[in-house]
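Top line first, the protein sequences correspond to chains A and Y. For the first sequence, counting from 1, position 40 maps to 40 in my numbering; every step adds exactly one. For the second sequence, counting from 1, position 248 maps to 248 in my numbering; every step adds exactly one.
Because the hints were derived from the structure by calculation, they are not lab data. Treat the hints with caution; some may be incorrect.
Capping the alpha-carbon separation at 30 Å, the derived lysine-lysine pairs in DSBU-like fashion look like this [unchecked claim]:
no. : chain 1 : residue 1 : chain 2 : residue 2
1   : Y       : LYS231    : A       : LYS5
2   : A       : LYS8      : Y       : LYS376
3   : A       : LYS8      : Y       : LYS206
4   : Y       : LYS231    : Y       : LYS23
5   : Y       : LYS238    : A       : LYS3
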Amino acid sequence: MSKLKSWKELPIGGVILEAGSSLEYKTGSWRSQRPIINREKCIGCLFCWIYCPDSAIIRAEDGKVDVNYDYCKGCGICAAECPVHVIIMKEE
Amino acid sequence: MMEQKVIAVSGDEAVAYAAKQCKPDVVAAYPITPQTIIVERFSEYVANGEVDSEFICVESEHSALSACIGASLAGARVFTATSSQGLALMHEMLYIASGLRCPIVMAIVNRALSAPINIHGDHSDIMGSRDSGWIDIFCENSQEAYDFTIQAFKLSEDHDILLPVSVNLDGFILSHSVEDIKALSDDYVSKFLPPRIPYYTLDAEKPITIGALALPDYYFEIKRQQDEAYKKVLSKFKEISREFSKFSGRKYDVIDNFQIDDAKIALIGMGSTIGTAKYVAKQLRKKGKKVGVMGIKVYRPFPSKEIIKALENIKALAILDRALSPGALSAPLGLDIKALLYEYDFKIPVINFVYGLGGRDISPKEIVTIFNRIEKIAKKKTMPHGYEYIGVREK
Chain A
1 MSKLKSWKEL
11 PIGGVILEAG
21 SSLEYKTGSW
31 RSQRPIINRE
41 KCIGCLFCWI
51 YCPDSAIIRA
61 EDGKVDVNYD
71 YCKGCGICAA
81 ECPVHVIIMK
91 EE
Chain Y
1 MMEQKVIAVS
11 GDEAVAYAAK
21 QCKPDVVAAY
31 PITPQTIIVE
41 RFSEYVANGE
51 VDSEFICVES
61 EHSALSACIG
71 ASLAGARVFT
81 ATSSQGLALM
91 HEMLYIASGL
101 RCPIVMAIVN
111 RALSAPINIH
121 GDHSDIMGSR
131 DSGWIDIFCE
141 NSQEAYDFTI
151 QAFKLSEDHD
161 ILLPVSVNLD
171 GFILSHSVED
181 IKALSDDYVS
191 KFLPPRIPYY
201 TLDAEKPITI
211 GALALPDYYF
221 EIKRQQDEAY
231 KKVLSKFKEI
241 SREFSKFSGR
251 KYDVIDNFQI
261 DDAKIALIGM
271 GSTIGTAKYV
281 AKQLRKKGKK
291 VGVMGIKVYR
301 PFPSKEIIKA
311 LENIKALAIL
321 DRALSPGALS
331 APLGLDIKAL
341 LYEYDFKIPV
351 INFVYGLGGR
361 DISPKEIVTI
371 FNRIEKIAKK
381 KTMPHGYEYI
391 GVREK
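Work out the full structure: start from the sequences and follow the hints.
Rendered as C-alpha cells:
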C-alpha cells in the first residue's frame, strides 16, 4: 500500500479526484478465510460467479471459475452456494 | 454606505427577505413553528416570480437537509430553515453537511425540544447540535437576523471555509415580533454577494467521488482537516463584517461588547435577552453601577481570545444560558466560559444561570437581580458551584 497521506495532503472534504480508484483498494487484505476451488470437479454452473458480492469470481476460458484474491474478502458465499460442494474455505 | 429602505417586518420575514436578496439556487425546507413564516414568505417570493430559486417541498426536515446537501455539492447556493424537532430530525445530516464541506445557510428559529411539547423559544435545539461542525451565529434582534443571513452566505461559501452556517434567532420573541429594520437594495446585496463559485464542480468529463468511505486509516485526517477550516472562521467573519459595514454602516464582530471597557461586573449571554440586558445595564449605569453586557455573536467556533480580552478588567461575571445540559457541571455557555477562564488562568467569580426554558419570559427586574448577585459574588470573591435557575417556581 502507498504511504498514507496527512490531512494537509488530502483533497477538501475527503473527495476522491480520480474515477475508479476503488481498484487500488485491495480489500482482499480483510480476508480471514480463503476459498479454494477444486477445478477438477467444478461444473461451471457459475452460481458462485452470480452470488459473489464483490465480483471476485473470475470466469476462466475453460468455462470454469477462479478467484481474484486481490478483492475476495473471504465471506464464503461461493462455498455455501456451490451446488456440488467443490469450494472449501481455508483459514488464512 | 448607501441609502437603505426601512421596512417593518418580523424576524422571520427579515430572514426570508434577506434570503431572497441572496438569490439562492435551491431552497428545500419543511415548515415548523416558529420558523413557518420564513418558508411561507419564501414560497410566496418564488410563486410571485420575485426570486428564481428551485423551491423543493420535502416530506421531512431530514429530507430538507439531504436535498440541501445534494444541491450544495452540485454547486448551488442553498438556503433552508428549521426549529426544534425539525433540527433534531436533521441531526445525522448536520454532520454530513459539515463533513462534506457543504456551504449551506440555515436559519434556526430556536425553540424548546419536546417533551413536554412546547413551541416557544429557548436554545435547547441548537445546543444539542453544537458539536456538529456548523458555524453557529446568534441574533439579538431582527436587524441582526437580516444582516447575518446575508453575511452567512459569504462566510459559508468562502473557499477557506466551506462549512454550513446556522443563523439563530429566538422563537416568537424575534421570529414573530415586528420591528423596523434597514434593508439594503437588491443591487447592493448582489454586489456584496456575487453568485457562488463552487470549489468542486460536478463534471461528467472529470468525475469525482464525494462521500466515500474513510476507515480508521483516513477518517481522523479528514476530521482534522475540517477542524482546521473552523480555525479560520472568526477572522473571516470579521473580514466579511468589515466589508458588510461599508455597505450597511452596521458594524459587527464575533462578540458584542456593551459598556464592557470600564465595567466592573458583566453579564454574558446570547440571543434576544442581550437586548433586555443592555436596557437594564443602561439603567444601572445611571445609578452609578459599572455594569457591562457581552453578547456572543459567533458561538461556534468559540471566540475565546476575543472574550478573554474583553473581560480583562471584569471582577465578576454571570453567564446566562437558555438551555440545560442535564447532569453537566454547568449549562453549555457556562461550561465554555468556565473552561476559558481556567485556560487563561483568569480566576474571577462567575455564576451560571439557566433561564427562559420553553419561552418563559425573562424580565428586566430579573436581570437586575442577576446583576445584584454578580455584585455579591464580586465582594465575597466566592465562586458558586454548578448553576442556578432564574424565573422558575421553586415553591
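Evaluated hints:
1. LYS231/Y - LYS5/A: holds, 21 Å
2. LYS8/A - LYS376/Y: Status violated; Cα separation ~50 Å.
3. LYS8/A - LYS206/Y: Given that 30 Å is the threshold and the Cα spacing comes to 23 Å, the pair holds.
4. LYS231/Y - LYS23/Y: With a Cα-Cα distance of about 28 Å, the restraint between LYS231/Y and LYS23/Y holds, given a limit of 30 Å.
5. LYS238/Y - LYS3/A: Since the Cα atoms of LYS238/Y and LYS3/A sit roughly 39 Å apart, the hinted pair is violated (cutoff 30 Å).
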